[in-house]
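Each chain, written out:
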Amino acid sequence: MNLASHYTYFVTILLLMVGLFIVIARSNLIKKLVGLGLFQTAVYLLYIAPGKLIGGVAPIIGEGFDVYSNPLPHVLILTAIVVGVATLALGLALVVRIKEAYGSIEEEEILERDAADELNATDRA
Amino acid sequence: MGAAAIGIARQRNLFGVVLLSGIYSFLMATLLVVLDAVDVAMTEAAVGAGISTVLLLGAIYLAGSTESKPIHKPWLPLFVVAVTGGVLVYGTLGLPAFSDPQAPIHQHVAPQYLKEGPEKTGVPNVVTEVLASYRGFDTLGETTVVFTAGIGVIALLRRGKPRKRFKSRDSAKAGDGGGAS
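Chains A and B, in that order, are what the protein sequence lines are. First residue of the first sequence: 1, per this note's numbering; consecutive thereafter. First residue of the second sequence: 1001, per this note's numbering; consecutive thereafter.
The hints are simulated quantities; they were obtained by calculation from the structure and are not laboratory data. Quantities reported herein were computed from a predicted structural model and do not represent experimental measurements. Keep in mind that a hint or two might mislead.
The list that follows gives simulated cross-link-like pairs (lysine-lysine, DSS-like), each with its CA atoms no further than 25 Å apart [claimed, not checked]:
id	chain 1	residue 1	chain 2	residue 2
1	B	Lys-1073	A	Lys-32
2	B	Lys-1073	A	Lys-52
3	A	Lys-99	A	Lys-52
Okay, the calculated bits of chain A under chain B, using three or more residues with CB under 8 Å as the criterion [what the hints assert, rightly or not]:
id	stretch
4	12-24
5	57-66
6	74-82
7	119-125
Beta carbons: idealized from backbone N, C-alpha and C, even for Gly.
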């Protein structure tokens, strides 16, 4: 097995793991969304990289070219990018609402406040 | 690009995080050009580096731009991430090498798209041809998702305003100033 031939996969996995780490370990909600975006772009790379052929050109048919890179992953990822920005927008809208309702976008503080509210509710009951 | 990604993980000022993610997106777009995905690179530069950055800046304007110090030590997440990464690396060992013309991805439908596509549709750009002709339903689904997300954003952000006015009026009546919840 040749390490150099799998290099793109390793880069992709490094980026995937950094994104995953941000989503798990950081408590700030906006930062979690940025981490999610990182994970997403790494997935783009995971799809696009295997489609490349060394010596190939971008898949636009023209005179004098025989080898083209694979167009199918490009099509799929074009769709994924647009869907990604839609989910980002929805997530940020949720964050803004959470900020209005809780006064904070830190996961820990929000959980604390939820626990305190629950305690109050059981006391009253 | 790895450095930009790790910088995003370590930086606690959210403004810096957003700028770094913009830089990261541009680097990703450059890499996509190198990998012959010119259409994707253009979209990534416009959407990833442009619109996403604007959205994130708007959100930190509304929600504050500093992150508090993490309470927990990051060892458990780090461990989980390391194990997952290890398993994934192990998984890639069975995948075909980079730029191998015999890999299944280059054998199945792509040659057909490249050969028949221009004759059938008359579009020289194969990405456009596949997107618009062969896989048109993908775009329909994508439009549905974007539409739903748009409705969601409007519903979430619209509800805030009348309620707030309501709350502040109530608290003004009670005379205690701050709304309790």
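Results of checking the hints against the structure:
A distance of roughly 17 Å separates the Cα atoms of Lys-1073 of chain B and Lys-32 of chain A; the hinted pair therefore holds under the 25 Å criterion. Simply put, Lys-1073 of chain B and Lys-52 of chain A have alpha-carbon atoms about 41 Å apart, too far for the 25 Å limit, and the pair is violated. Under the criterion of a C-alpha separation no larger than 25 Å, the hint pairing Lys-99 of chain A with Lys-52 of chain A is inconsistent with the structure, at around 44 Å. Closer than 8 Å: that is the beta-carbon criterion, and the stretch 12-24 of chain A has 11 residues meeting it against chain B, so the requirement of 3 holds.
For the stretch 57-66 of chain A, the assignment as covered by chain B holds, since 6 residues bring a beta-carbon within under 8 Å of that chain's beta-carbons and 3 suffice. With 8 residues having a beta carbon nearer than 8 Å to a beta carbon of chain B, the stretch 74-82 of chain A meets the requirement of three or more and the stated coverage holds. Evaluation of the coverage hint for the stretch 119-125 of chain A: breached, as 0 residues show C-beta separations to chain B shorter than 8 Å, against a requirement of three.
The structure does not agree with the numbered hints 2, 3 and 7 stated previously, though it agrees with the rest.
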